[in-house]
Amino acid sequence: TQLLEQSPQFLSIQEGENLTVYCNSSSVFSSLQWYRQEPGEGPVLLVTVVTGGEVKKLKRLTFQFGDARKDSSLHITAAQPGDTGLYLCAGSPNAGGTSYGKLTFGQGTILTVHP
Amino acid sequence: DAGVTQSPTHLIKTRGQQVTLRCSPKSGHDTVSWYQQALGQGPQFIFQYYEEEERQRGNFPDRFSGHQFPNYSSELNVNALLLGDSALYLCASSLRTGQSGTEAFFGQGTRLTVV
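Protein sequences appear in the order of chains Y and X.
Per the working numbering, residue 1 is the first one in the first sequence, and the count goes up by one each step.
Per the working numbering, residue 1001 is the first one in the second sequence, and the count goes up by one each step.
Just so you know, nobody snuck in bad clues.
Result set (DSS-like, lysine-lysine): computed pairs, CA atoms no more than 30 Å apart in a straight line:
1. Y:Lys56 with Y:Lys70
2. X:Lys1026 with Y:Lys57
3. Y:Lys70 with Y:Lys59
4. Y:Lys70 with Y:Lys57
5. X:Lys1013 with X:Lys1026
6. Y:Lys56 with X:Lys1026
7. Y:Lys59 with X:Lys1026
Computed Cβ-Cβ distance ranges for the label pairs, DEER-style:
8. Y:His114 with X:Asn1071: 40 to 48 Å
9. X:Lys1013 with Y:Gly40: 15 to 23 Å
10. X:Arg1022 with Y:Val28: 32 to 40 Å
11. Y:Asn24 with X:Arg1096: 23 to 31 Å
Just so you have them, the derived chain Y footprint on chain X, three or more residues with Cβ under 8 Å:
12. 1037-1050
13. 1105-1114
Since the hints were made in silico from the structure, they are not lab data.
Where is the CB? At the ideal position from N, CA and C, for every residue including glycine.
Full structure from sequences and hints, please.
Laid out in C-alpha cells, this is it:
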C-alpha cells in the first residue's frame, strides 16, 4: 500500500511570510499532483510533476519533485490571505501497475494566512 | 467547456437507507473515479470506472457499488447507510491514455449526511 505523509498538518502564518509544505513517501510515484481545496468544494488541481528533480513555478508557488520521485514540496512566497485553504498532495502509481489510475492522497495541510 | 459536475450537492439520509450519487465527467474524459473525504482528511479512493467496468477498487465494503454509462457518466450507490458514511463524496474524471501521470479533475462533491 502506497502512503503519503504530509506535513505540517496545520499552518497558521501572517501575510507576507513564506512557508513550505512537505509530502513524503517510501514508495515511488510516476507523478505527483498538488491540489488546493476550499470548504465545501472539490480539490482544484494546481500542478502535476512527473520527472524526478522537476521544479515548477506558479506565480508565488514553487513545486518540487524529489530526485527519487518519492517526495515533493510546495513553497509559497509572501503568503496572502487568499492562499488560505487545504493543500493536498496526491501520488499516481507507476503506469502498468495494478493500481494505475488510483490517486493516493496525503492527509492535507490546512493553511491559514492572517491579514 | 463544462467541468466535472456532481449531483446532488447535499443529501441527508437515514441510517439503513440507500443513496445514489451522480457524476458527469469533464468533456473528453473517459475515466471516472470516486473518492470519500471525511472532514479534515484527504480523499480516500473508492473505485474507478473505465469502459463501463470497475477497474480499480479501494478498501471499501461491497455496500459501495457503482456504474458507468456509455456516455461516461457514472453513479455511486451506497446501501445500508451507516452514520460513518457521512462525508464529502468526490468524483474525479481523467483520460486513460495509457501513459504515466494521470491528471484528475474533481467535481464540487456531494455532501452526504447520515442521521
